[in-house]
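A.B. asks: In case you want the letters, here they are:
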Amino acid sequence: MGILFALGAIIFLAILGKSLVGFSLVLPLVLAVSFKASAEQSFLLAFFGGLVVGFVDGSLLGRDSVGLLLASGLIHLYGRRFSKKHWAFTLVFAALGSVAYSWVSGRYLRLPQIAIDAGLVGASLPLVSWWRERFFQDSIVLKV
Amino acid sequence: MKQLEVSQPLRMFALWIAVSAALVGLDHAGWVRGMRGIAEAVLLPFERAVFQASDVVRSPFQTLRFWRSGTARIADLERQVAELTVDATRVMQLEEENAAMRKLLGAPLPPQWRFIPAPLVGRGEEIFLGVGTREGVLVGDVVVWGDVLVGTILQTSTRQSSVRLLTDPRSSLPVYLPSSGADGLLEGRFGSQMVLTQVLQSANLREDALVVTSGAFGPPRGLVVGKVREILTNETDVYQEAVVEPVVDFSYFITVFVVKEQ
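Heads up: the protein sequence lines correspond to chains Z and H, in order.
Read left to right, the first sequence gives residues 1 to 144 (our numbering).
Read left to right, the second sequence gives residues 1001 to 1262 (our numbering).
Please keep in mind that the hints were generated in silico from the structure rather than gathered at the bench.
Incorrect hints may have been included.
What the hints assert, rightly or not - Distance windows between CB atoms, simulated:
no. : chain 1 : residue 1 : chain 2 : residue 2 : range
1   : Z       : I116      : H       : R1229     : 25 to 35 angstroms
2   : H       : T1233     : Z       : P126      : 51 to 61 angstroms
3   : Z       : F82       : H       : R1229     : 36 to 46 angstroms
4   : Z       : F82       : H       : R1221     : 49 to 59 angstroms
5   : H       : L1084     : Z       : W130      : 53 to 63 angstroms
6   : Z       : W103      : H       : R1206     : 33 to 43 angstroms
7   : H       : R1206     : Z       : P126      : 54 to 64 angstroms
8   : Z       : L4        : H       : L1232     : 49 to 59 angstroms
9   : Z       : F5        : H       : G1215     : 25 to 35 angstroms
10  : H       : L1200     : Z       : R81       : 51 to 61 angstroms
11  : Z       : A115      : H       : E1095     : 47 to 57 angstroms
12  : Z       : F5        : H       : I1116     : 37 to 47 angstroms
13  : H       : E1207     : Z       : G22       : 22 to 32 angstroms
14  : H       : P1117     : Z       : R81       : 49 to 59 angstroms
Said to hold, decoys possible - Computed list of chain H residues with no C-beta within reach of chain Z, every gap over 12 angstroms:
no. : residue
15  : R1011
16  : E1078
17  : Q1112
18  : G1132
19  : V1195
20  : S1202
21  : E1207
22  : V1228
23  : P1246
Being a predicted model, the structure only gives us computed values, none of them experimental.
Glycine included, every Cβ here is placed at the ideal spot set by N, Cα and C.
Could you build the full structure based on these sequences and the hints that come with them?
C.D. replies: Here is the structure:
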């Protein structure tokens, strides 16, 4: 159920990003999930997210997956550790993830775009937490 | 012998990277064309519908800045200015062509062009068209709106293609100014600006002068790319530079044309 919801969300965001807002909305979702979910789940989402973006944008299949995987890997390697110390690190690592993705996927590197990506990651974190608690058993928190 | 221990996440990461890299290779070799065609056939109608609905979504935001009638009037005026600009260029081109034909009697006629109508399905750093190799669109093909150059095809798949705009920093094309005859190079900057470079200091560069393609390489001669907005001249420089603005606002387009040589 959760996986299907995620796949639907990716397809919806990929189409919305291309046809409505003009920039990728899949990247902020993958980065936000990377801050909250396990590495296995994040990498799976990054891989399929990249595939969907490749199909929707008509770009080289697999290239966006590599970009998203690197961005997600960066967050799992350092981002999660630092973001627990201060919330600002979340934005910093979201921005670095955006740079990594841009570099691999051949997207033109622009400061406003990186700032938008980081902002969207920050804004979508509560939504991702809610989604995980709703659909994934491993994220249930026992409140006493 | 102690085995090298690799953590589970790292193994997963390496696996997905390897699969992605393999997909890049397969797509590059054209082995996933069929799968891509099916996926695009399913996704494109949704993309087109979202793109067409985007005006409805955008307009409430535009209303905050202008009254809707004001926006429409401005759009209409811009369209009229663009048409007049294009007409002026056409007259200049015809004069030039006339002179050349008088000179070269019996020379072959200019090549005929076929236009493939291409609906827009997405807009961002590039613009996305709902036509692809199925319609005969190839990488490098020229995309126009009337006599205005929009860009060139950057990549194409079965049913869609993306267009590199003139504002793209990787875009560079030879141009000239019909009013003064000066040659130059039009380069994209920051993804939002066009700059005319390599214009000799001796050339007469004026604001509002039309800039058209010279056809030395890339797109054919005579397509309008914009007009000079601001001259950035420094007398110590070898060349003059100028900021060029487009003659039309591409955000109002819903259909453009891909040019094919017959």
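A.B. asks: Now, for every hint given, state plainly whether the structure supports it.
C.D. replies: We went through each hint and held it up to the structure:
1. Z:I116 <-> H:R1229: 25 to 35 angstroms: For I116 of chain Z and R1229 of chain H the Cβ distance comes to about 27 angstroms; the hint holds.
2. H:T1233 <-> Z:P126: 51 to 61 angstroms: holds (53 angstroms)
3. Z:F82 <-> H:R1229: 36 to 46 angstroms: holds (45 angstroms)
4. Z:F82 <-> H:R1221: 49 to 59 angstroms: Given about 56 angstroms between the Cβ atoms, the range holds.
5. H:L1084 <-> Z:W130: 53 to 63 angstroms: holds (55 angstroms)
6. Z:W103 <-> H:R1206: 33 to 43 angstroms: holds (41 angstroms)
7. H:R1206 <-> Z:P126: 54 to 64 angstroms: holds (55 angstroms)
8. Z:L4 <-> H:L1232: 49 to 59 angstroms: holds (55 angstroms)
9. Z:F5 <-> H:G1215: 25 to 35 angstroms: violated (53 angstroms)
10. H:L1200 <-> Z:R81: 51 to 61 angstroms: holds (57 angstroms)
11. Z:A115 <-> H:E1095: 47 to 57 angstroms: holds (49 angstroms)
12. Z:F5 <-> H:I1116: 37 to 47 angstroms: holds (39 angstroms)
13. H:E1207 <-> Z:G22: 22 to 32 angstroms: The hint (22 to 32 angstroms, Cβ to Cβ) holds, given that E1207 of chain H and G22 of chain Z are roughly 30 angstroms apart.
14. H:P1117 <-> Z:R81: 49 to 59 angstroms: The hint (49 to 59 angstroms, Cβ to Cβ) holds, given that P1117 of chain H and R81 of chain Z are roughly 53 angstroms apart.
15. R1011: The assertion about R1011 of chain H is violated, with a minimum of 10 angstroms to chain Z.
16. E1078: Fine: 20 angstroms to the nearest Cβ keeps E1078 of chain H off the interface.
17. Q1112: Q1112 of chain H is indeed farther than 12 angstroms from all Cβ atoms of chain Z, at 29 angstroms.
18. G1132: violated (7 angstroms)
19. V1195: Holds, because the least Cβ-Cβ distance between V1195 of chain H and chain Z comes to about 16 angstroms, which exceeds 12 angstroms.
20. S1202: holds (35 angstroms)
21. E1207: holds (28 angstroms)
22. V1228: Its Cβ never comes within 12 angstroms of chain Z, the nearest being 25 angstroms, so this holds.
23. P1246: holds (17 angstroms)
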